[in-house]
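A.B. asks: These protein sequences, in sequence, are chains A and B. Every letter in the first sequence is one number past the one before it in the working numbering, and letter 39, counting from 1, is 38. Every letter in the second sequence is one number past the one before it in the working numbering, and letter 101, counting from 1, is 100.
In case anyone wonders, no lab produced these hints; they're calculated from the structure. Only true hints are included.
The list treats identical chains as interchangeable, and a pair is accepted whether it falls inside one copy or across any two copies.
DMTMM-like cross-link-like pairs, simulated, lysine to aspartate or glutamate; straight-line CA separation at most 20 Å:
(1) K115 <-> D25
(2) K53 <-> D130
(3) K53 <-> D25
(4) K53 <-> E82
(5) K86 <-> E42
(6) K52 <-> D130
(7) K8 <-> E37
(8) K52 <-> E118
(9) K15 <-> E72
(10) K52 <-> D127
(11) K109 <-> E88
(12) K53 <-> D127
(13) K109 <-> D127
(14) K115 <-> E6
(15) K109 <-> D130
(16) K53 <-> E118
(17) K86 <-> E37
2 protein chains.
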Amino acid sequence: MVALTEEMKTALATMKAFPVATASADGWPNVVPIGFVELVDDETIWIADNFMKKTLANIRENPKMSVYVWGPETKGCFQIKGEVELKTEGPEFAKMQETVRAKMAQAPAKGLMVMKIHEVYTCSPGPDAGDRLL
Amino acid sequence: MVALTEEMKTALATMKAFPVATASADGWPNVVPIGFVELVDDETIWIADNFMKKTLANIRENPKMSVYVWGPETKGCFQIKGEVELKTEGPEFAKMQETVRAKMAQAPAKGLMVMKIHEVYTCSPGPDAGDRLL
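Generate the whole structure from the sequences, applying the supplied hints.
C.D. replies: What follows is the structure, given as structure tokens:
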């Protein structure tokens, strides 16, 4: 696992929605915008499942995820890859439900995806795009 | 193949950058923002490769792509899936180079990915998220 830098953590906190990509066991990529993506420690991201169908099915058969952080308030673009553990019960799941429902009372908050950060790449345009940062 | 609706075509034209997802043969998803994503007919999207590394490697071993269209000027979110053919020569490739370099003279424009649209899903939040539209 790797730990995000302070600059990356600041950028991540400015994002309103994140492009979250997964892949099915037979190789079909899937990308959707997800609102609840939060860093819980330097190496771990929580993603809440409110309305997921294909993302959830993909994670069950292939627990790998890619997300990028890039927007009007970030300096450049970086992409995170990591493995995901799905939780639908227990203290972390309950904490996620509490946090999500504090923002949106009727949110299903039906699952918690715990992503351990394995690799970070730059996705800013230019010849260095795609190079590994961490 | 399926043809985008007029509303989808209008939404697509408002986008400045698109989250483009692919997957490696061993199932690692990859998502990056790509600026040049253009509809060339109702069923076909051109994606220009300026600085791609992992996206290009993934398409060479697994020619499948997922992209979503969602932003401040779109009404809701929709996601496109399709198979991709890579072109690095020929009249379509030359046309892509001309179009890209008209906007950015020094652009590498080193490849053209021609995506045939196979499926379209909604990615607006709510219980219908993930349902197939086309």
